[in-house]
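Given the sequences, and given the hints that come with them, work out the whole structure.
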Amino acid sequence: MKGVDPGDTAWMLVATALVLLMTPALGLFYAGLVRSKNTLNTFMMSVGALGVVTVAWALLGYSLAFDRGNGFIGGLHHAFLHDVGFDAREGTTIPHLLYMAYQATFCIVTAALVSGAVVERMRYSAFLVFMVLWSLLVYAVLAHWVWGGGWLQDAGTLDFAGGVPVEMGSGFSAFAAAIVVGARKDYGRQALLPHNAVYALLGAGLLWFGWFGFNGGSGFSTGSPSVLAFTNTLLAPACTLTVWFVIDLVRGGQVTAIGAATAIIVGCVGITPAAGFISPGWAMALGALAAVPSYLFILYRPRTRLDETLDVLAAHGLAGLTGILFIGFFAQKPWNGIADGLLYGNAAQLGHQVLAVAVGPAYAFAVTAGLLKLVGLVMPLRATEREEAMGMDIVQHGEEAYATGEGAVLVHPEDSGVTPVPVAQP
Amino acid sequence: MGAERRSLVTLPLGDCTLKLIIAIVRPEKANDVLESLYRAEVRGVSMSRVQGHGGELERVETYRGTTVKMELAKKVRLEIAVSDEFVDRTIEALETGARTGEVGDGKIFVVGLERAIRIRTGEGDRAAVTPVDP
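Chains A and B, in that order, give the protein sequences.
The opening position of the first sequence corresponds to residue 1 in our numbering, with each subsequent residue numbered one higher.
The opening position of the second sequence corresponds to residue 1001 in our numbering, with each subsequent residue numbered one higher.
It is possible that part of the hints are untrue.
Computed cross-link-like contacts, DSS-like style, restricted to lysine-lysine with a CA-CA straight-line distance of at most 25 Å [to be verified]:
#1 B:1069 with B:1019
#2 B:1029 with A:185
#3 B:1029 with B:1074
#4 B:1069 with B:1029
#5 B:1029 with B:1019
#6 A:185 with B:1074
These aren't lab readings, by the way, just hints derived from the structure by calculation.
Here it is as structure tokens:
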């Protein structure tokens, strides 16, 4: 275990587990926001990522993202986890294996995020195939650009915990996916409402909890960047929540629960790229500021034909973009030890951040659209209108989230001499 | 108040001017039905979720090792009290909204209604089933 620090390793083991929890938490959050007949399907899209994306990451994705390779994409040296062992990963004090596992959890939750754009109509198997390709050709590439020795990193772009690959990557991919897959059949004609706000709140709360590992672990140590990021992850979303309450109150006189759940996500997303680079004071300002573009876009989007169902673009794409740009203005060397922003005399940093905002979303949008078109050539992307009406739980999974069991007749595996009869719950 | 209370004793049985329309439809078509009723200007609907069996194919579900056939399918039951001249357009709207052409689309029953009273005002019969602006 050459170059490994036990304290850092202990924290990163915990942080990895924390980030993994974010994926089922996201599933719960999303499941609450859809209609009851699509609860399981929506949750299963996140669970699907836990399976197929992890496999793809271990076999190929990690190497494409974090092997040196060229400026655009990593090489194949670490494919099949070749040469990923107990010695410290270059530039860190934690084992290379643990570094790989920690980064895997990011890729998993990011792929799951994209499902928010296509829930309630996309076929499950098509989504699984899409996620595998997406994790390799969109996530791994963007992660390479900012963290794996890619060209944005070389250019000086700062991204602490994933404003480019995770937040803008998922947000603008969701934008493309909503366009290619198309709107739900009843979108814009009938009210399609969340069926369980409690799921949404609990999911958002668990996401916030996991986010302490997401941002707090992105310093790969127990040192000051991690402590700063951890604390900022508490402060920024609290400010977003508060501002959201105020906008809600001014607009409608009531603070909404679904709004609060959304605000938690927006705040966590906003601070993600900047968590280890800005002071706690500026983190609070960022949290407050991040609420505004996302809130406005969430109001505007449902008036369009764009059925980006769970507003991944608003909550992740725009809030991530806000955070990335914020670094360019308010980064402080005394806090991060790396670079100042425009406000502290380093205008060049803003240029590096603008560069990331210009290319990251464009790449995610274009490649996602292309991948979905490609998958669509091989298999249908959408369920039929009839299936969409019945609900994706029964059609895609043969199960119901809220099965009563009434009228169910047991199908015996072989003739056991028992005549099955329907049952009714007392 | 001041609403005139009609004596219902004078109304001979079998000469009902009111009908109760009961429709059993697919839950996935419930929104379409509500929409077509709305377009036909039929207001005043009660809706309940029921389970029934109308000869459609059974659905098979599996929960871990347990495989079951769902003999009872979820249905939505609508009850609409209307005056006679509204019966046809209500039936038409129900058919438009609920029909898919597959077995299991449901049924519409029309039954005579002896009396109807609006609780708030005490109005009877036709007035009771004619919506007012709130």
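Hints and how they fare:
1. B:1069 with B:1019: Distance of about 37 Å is beyond 25 Å: violated.
2. B:1029 with A:185: holds (13 Å)
3. B:1029 with B:1074: holds (12 Å)
4. B:1069 with B:1029: At roughly 22 Å apart (the allowed maximum being 25 Å), residue 1029 of chain B and residue 1069 of chain B satisfy the hint.
5. B:1029 with B:1019: holds (23 Å)
6. A:185 with B:1074: Judged against 25 Å, a Cα distance of about 21 Å means the pair holds.
Violation of the numbered hints given earlier is confined to hint 1; every other hint is satisfied by the structure.
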